[in-house]
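Visitor: Note that the protein sequences, when read in sequence, are chains A and B.
Taking UniProt numbering, I'd label the letters of the first sequence as residues 1 to 486.
Taking UniProt numbering, I'd label the letters of the second sequence as residues 1 to 468.
Hints were generated in silico from the structure; no laboratory data involved.
The beta-carbon is built from N, C-alpha and C at its ideal position, and this holds for glycine as well.
There could be a bad hint or two in this list.
Here are some, though not all, of the chain B residues that point toward chain A, as calculated from beta-carbon distances under 7 Å [said to hold, decoys possible]: (1) N136; (2) D168; (3) E172; (4) T322; (5) R324.
Listed below are the residues making up each chain.
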Amino acid sequence: MIARIVPPPSRSAGPSLPRSAVEGLSAEPIPSTSKRGRVREGVIVTVLTLLLTAFAFATPAAAIEIKRVVSPGGIEAWLVEDHKVPIIALEWAFEGAGASDPKGKEGLANLAARTLDEGAGPYDSQAFAARLQDNAIALGYDAGRDGFGGSLRTLSDRRDEAFELTRLSLAEPRFDAEAVERMRAAVLSSLRRDQADPNYVGRRLFYSTAYPGHPYGDEIRGTLESLPTITPDDLRGFVKTGFGRDRLVVAAAGDISPEDLGRALDHVFGGLPATSANAAIPDVEPKGLGETLVATRPTAQTVMLMGQTGLKRADPDWYAATVMNYVLGGGGFGSRLMEEVREKRGLSYGVYSYLIPMDHSALVMAGGNTVNAKAGQALDIMRQEWKRMADEGVTEEELADAKTYLTGSFPLQLGSTQAIARILLQVKRDNLGIDYLDRRDAFINGVTQADVQRVAKRLLDPNRLLTVLVGRPEGVTATRTIDGGS
Amino acid sequence: MLPNGPTAPPPWKRPWRRLAAAGLLAFALAGGAPAATPAFAAEKGVFFPETFTLSNGMQVVLVTNQRVPVVTHMVWYKVGAADEPRGVSGIAHFLEHLMFKGTEEVPPGAFSRIVAKNGGRDNAFTSWDYTAYFQNVARDRLELVMKMEADRMSNLRLTDQVVYPERDVIIEERRQRIENEPADRIGEQVNATLYVHHPYGTPIIGWPQEMATLTREEAESFYKSWYAPNNAVLVVSGDVTAEELKPLAEKYYGSIPARTVPERVRVQEPPISAARRVILRDDEVRQPSIRRNWLAPSYRTDKEGYAYPLQVLSEIMSGGPTSRLYRSLVVDQRIATSAWLGYSPSSWDMTSLAAGASPAAGVAMDKLEAALEAEIQKVVEKGVTEEEVATAKKRMLAEAAYARDSLTGPAQTLGAAIATGQSIDDVENWPVRIDAVTADQVNAAARAVLGQTNHVTGLLLPLQDKGS
Numbered sequence: 001m002i003a004r005i006v007p008p009p010s011r012s013a014g015p016s017l018p019r020s021a022v023e024g025l026s027a028e029p030i031p032s033t034s035k036r037g038r039v040r041e042g043v044i045v046t047v048l049t050l051l052l053t054a055f056a057f058a059t060p061a062a063a064i065e066i067k068r069v070v071s072p073g074g075i076e077a078w079l080v081e082d083h084k085v086p087i088i089a090l091e092w093a094f095e096g097a098g099a100s101d102p103k104g105k106e107g108l109a110n111l112a113a114r115t116l117d118e119g120a121g122p123y124d125s126q127a128f129a130a131r132l133q134d135n136a137i138a139l140g141y142d143a144g145r146d147g148f149g150g151s152l153r154t155l156s157d158r159r160d161e162a163f164e165l166t167r168l169s170l171a172e173p174r175f176d177a178e179a180v181e182r183m184r185a186a187v188l189s190s191l192r193r194d195q196a197d198p199n200y201v202g203r204r205l206f207y208s209t210a211y212p213g214h215p216y217g218d219e220i221r222g223t224l225e226s227l228p229t230i231t232p233d234d235l236r237g238f239v240k241t242g243f244g245r246d247r248l249v250v251a252a253a254g255d256i257s258p259e260d261l262g263r264a265l266d267h268v269f270g271g272l273p274a275t276s277a278n279a280a281i282p283d284v285e286p287k288g289l290g291e292t293l294v295a296t297r298p299t300a301q302t303v304m305l306m307g308q309t310g311l312k313r314a315d316p317d318w319y320a321a322t323v324m325n326y327v328l329g330g331g332g333f334g335s336r337l338m339e340e341v342r343e344k345r346g347l348s349y350g351v352y353s354y355l356i357p358m359d360h361s362a363l364v365m366a367g368g369n370t371v372n373a374k375a376g377q378a379l380d381i382m383r384q385e386w387k388r389m390a391d392e393g394v395t396e397e398e399l400a401d402a403k404t405y406l407t408g409s410f411p412l413q414l415g416s417t418q419a420i421a422r423i424l425l426q427v428k429r430d431n432l433g434i435d436y437l438d439r440r441d442a443f444i445n446g447v448t449q450a451d452v453q454r455v456a457k458r459l460l461d462p463n464r465l466l467t468v469l470v471g472r473p474e475g476v477t478a479t480r481t482i483d484g485g486s
Numbered sequence: 001m002l003p004n005g006p007t008a009p010p011p012w013k014r015p016w017r018r019l020a021a022a023g024l025l026a027f028a029l030a031g032g033a034p035a036a037t038p039a040f041a042a043e044k045g046v047f048f049p050e051t052f053t054l055s056n057g058m059q060v061v062l063v064t065n066q067r068v069p070v071v072t073h074m075v076w077y078k079v080g081a082a083d084e085p086r087g088v089s090g091i092a093h094f095l096e097h098l099m100f101k102g103t104e105e106v107p108p109g110a111f112s113r114i115v116a117k118n119g120g121r122d123n124a125f126t127s128w129d130y131t132a133y134f135q136n137v138a139r140d141r142l143e144l145v146m147k148m149e150a151d152r153m154s155n156l157r158l159t160d161q162v163v164y165p166e167r168d169v170i171i172e173e174r175r176q177r178i179e180n181e182p183a184d185r186i187g188e189q190v191n192a193t194l195y196v197h198h199p200y201g202t203p204i205i206g207w208p209q210e211m212a213t214l215t216r217e218e219a220e221s222f223y224k225s226w227y228a229p230n231n232a233v234l235v236v237s238g239d240v241t242a243e244e245l246k247p248l249a250e251k252y253y254g255s256i257p258a259r260t261v262p263e264r265v266r267v268q269e270p271p272i273s274a275a276r277r278v279i280l281r282d283d284e285v286r287q288p289s290i291r292r293n294w295l296a297p298s299y300r301t302d303k304e305g306y307a308y309p310l311q312v313l314s315e316i317m318s319g320g321p322t323s324r325l326y327r328s329l330v331v332d333q334r335i336a337t338s339a340w341l342g343y344s345p346s347s348w349d350m351t352s353l354a355a356g357a358s359p360a361a362g363v364a365m366d367k368l369e370a371a372l373e374a375e376i377q378k379v380v381e382k383g384v385t386e387e388e389v390a391t392a393k394k395r396m397l398a399e400a401a402y403a404r405d406s407l408t409g410p411a412q413t414l415g416a417a418i419a420t421g422q423s424i425d426d427v428e429n430w431p432v433r434i435d436a437v438t439a440d441q442v443n444a445a446a447r448a449v450l451g452q453t454n455h456v457t458g459l460l461l462p463l464q465d466k467g468s
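For reference, chain A alone in the conformation it holds in the complex:
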């Protein structure tokens, strides 16, 4: 989806209307999912070993090669070295960190993410922010379902300052009472604001129904009740136990040599504990399958969201499912859902499908918005397409078109230094291997019609969809109705 850029400061700050807001929903495994793989237990080498095994992209992005860097202290990172722009991007994640907040402290990891860069070491919040801003350094953290991510972007001539501020944020975050209170207020405010967004209401209803009592069902930002109970000591405890080198995955891109990156890795991450303690999370199947929930709200449109069990990233049928999803609703214009619901009938501005692989569960999802009076019709069409795909799979032409798109469009994602680092990190987290980008086209091109048919039959069953509708949908039989208005 087109990111909403808030706040809209003026008439001309966000002036354009794109033809489709579902443009970003590709079937691509890397950017469109949040799959968090497990860190491979690598061999730690104690000398500055630069494994110069480099792998070229097989796609037209042949200019890009990935180097494996192992620091003197034994921290591994993948690097795409590129001195054409004076920019360095560093992306990292602690696998599993914060994936399960303690009971009653829901929102802990997210609040930590929001507060880690609010003062560290000798610098209070304002001083820390000023150092970042004066040097045009962007440092940020993000609590995800299956891990805790960090992101740094700096100009290469400011890299020492950037690496030092990053180290401080990880090793010596202050969690001053003032900063914690301010960030807590900001998170509470964002939770309240989202109550007015029917898409948000739909997502919450879906996930809380699909994963009751499991962290995947919780609001990652916490609740109006849990957030006030989180103390600065809770945040310190989370950082202390959650960030260990055993859970660390790192990727980098841009204007830095392998040697310099190796030194930076030791500086930034070398002081972290060797091991971390994170609560084990059980695998879980989505619940509520076959239910149709309606959250009544006085809106002109109905927000539709539906899903059922999908497949994990490591599943051998992943690429077949990727092709299936592209044809069904992952491909924007030309996908079956778009064609039937929008192009032929004008029932929606956008409908789409997508895969969500997680460490402990997986979903195949579809959604869209439609006018209340025709919600039943739109929903019926989507379910029919679900069934048609399960029954018939894809045509030879659809398969061929999906392959040329999924292989050909990949280099379009390599547009910036940070985008490259993010893709590397995802490939590393997903355990796909440093030569994955070389092999990716072959995986996709190897998919047959029979493969797609098999995976479609396995995954897609319109009678086992958990469907959530927010609005005043007509022509829909609900199994349960919820007052979602206020």
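Could you slot chain B onto chain A? The hints should help.
Guide: Here is chain B on its own, set in the frame of chain A:
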């Protein structure tokens, strides 16, 4: 699209927020260009584009970036929603959708499918001042998309069968974009109040009662009036050189005859002497907010030289957690959870400057409004310091170094600039002009714009009986 993910961080925690505020680099960012450019230089040169004009008057702009063998190909038409005849609001945007509905060569719906089949992505967007179409493709598919884009510049063939279902689509788009959320509705209402006469007060997507009756003939008439090579700009960024691009541009676009295109005649705002308040109460609102808009000059209408000082002012007032508004309202007084000020000078006619805030829990809106007003009053009366200006400029110039680190960013920025009356030289001189801004200029601009009393204040509130 991550359903359970965290919400977006506050604006300053997004890496590109500051650039967006800087106005020039209103879109996310760019690649290539000379390697050894110092990061902090206040020198001419942001994207280092090349430009030439075809025999029919169509301008071509190229930013070469050979990092990855892909290209962004865009055609910008110098026409947007503010150029619509009265009574057919939304026709510019409707036409944008209909441009995908077929020519003799490319049947309805096939355009995007062909692009996708070739590993590319395409879309289009409409503003008050421009309409643009783009494809991101591998470099060896550039010729294909140029051929198709040139084809629909003059060969669009519409039928009722494809036009009217698409009208339903834009009506759904309006519901999704504006009507579903109170925060979007108040934005539209504030805008419609700020501009009492100028078409910038009409939403780009159109007013619903007019959208419902838009016709194929009206779309065709708009197309025939405005879509001509001499009213378009081709912008390409990525892995292609001028030597490679030139013959292709001549072949596909240069062969389309120039046509007479109407002047952009826009009515102007009358003098407005009253402050106005727009209040939207809605049962769904749990987090109230306030915003205030003042009319301000754009680059093109900037007779007094305020456009660059206002960007520096915006940085001082709203550039991250150390900015005046955030420090005062959020950190020191703790009465807001966010506070901001924004100004975007890329506009054909005048633009607006806006400021706003969201109250902390339990804080009354009038108290928040008074605190916001006090900060505005302070800058109008006492001005900013030389030191604040120096820091702001340093930060803005540093951020500009990131502008090249993107495939689509340079094309977006250059296209929007040209379509709103700027030159490439203006864009390339942005660092020099920002660097030249003085505290006196910032203060004069702040007095002139923020000192106006005919502003519009928008309040988004819960229903009265629910309090807050």
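Visitor: For every hint, state whether the structure bears it out.
Guide: Tested hints:
Given hint, B:N136 at the interface with chain A, holds; its Cβ is 5 Å from that chain's nearest Cβ, closer than 7 Å. Look at B:D168: its Cβ gets to within about 3 Å of chain A, closer than 7 Å, so that hint holds up. Checking B:E172 against chain A by beta carbon gives a least distance of about 4 Å; that is within 7 Å, so the hint holds. The interface hint given for B:T322 is met, as the beta carbon of that residue sits about 5 Å from the closest beta carbon of chain A, less than 7 Å.
With a cut of 7 Å, the hint placing B:R324 at the interface with chain A is violated, because the nearest CB-to-CB distance is about 12 Å.
The structure does not agree with numbered hint 5 stated previously, though it agrees with all others.
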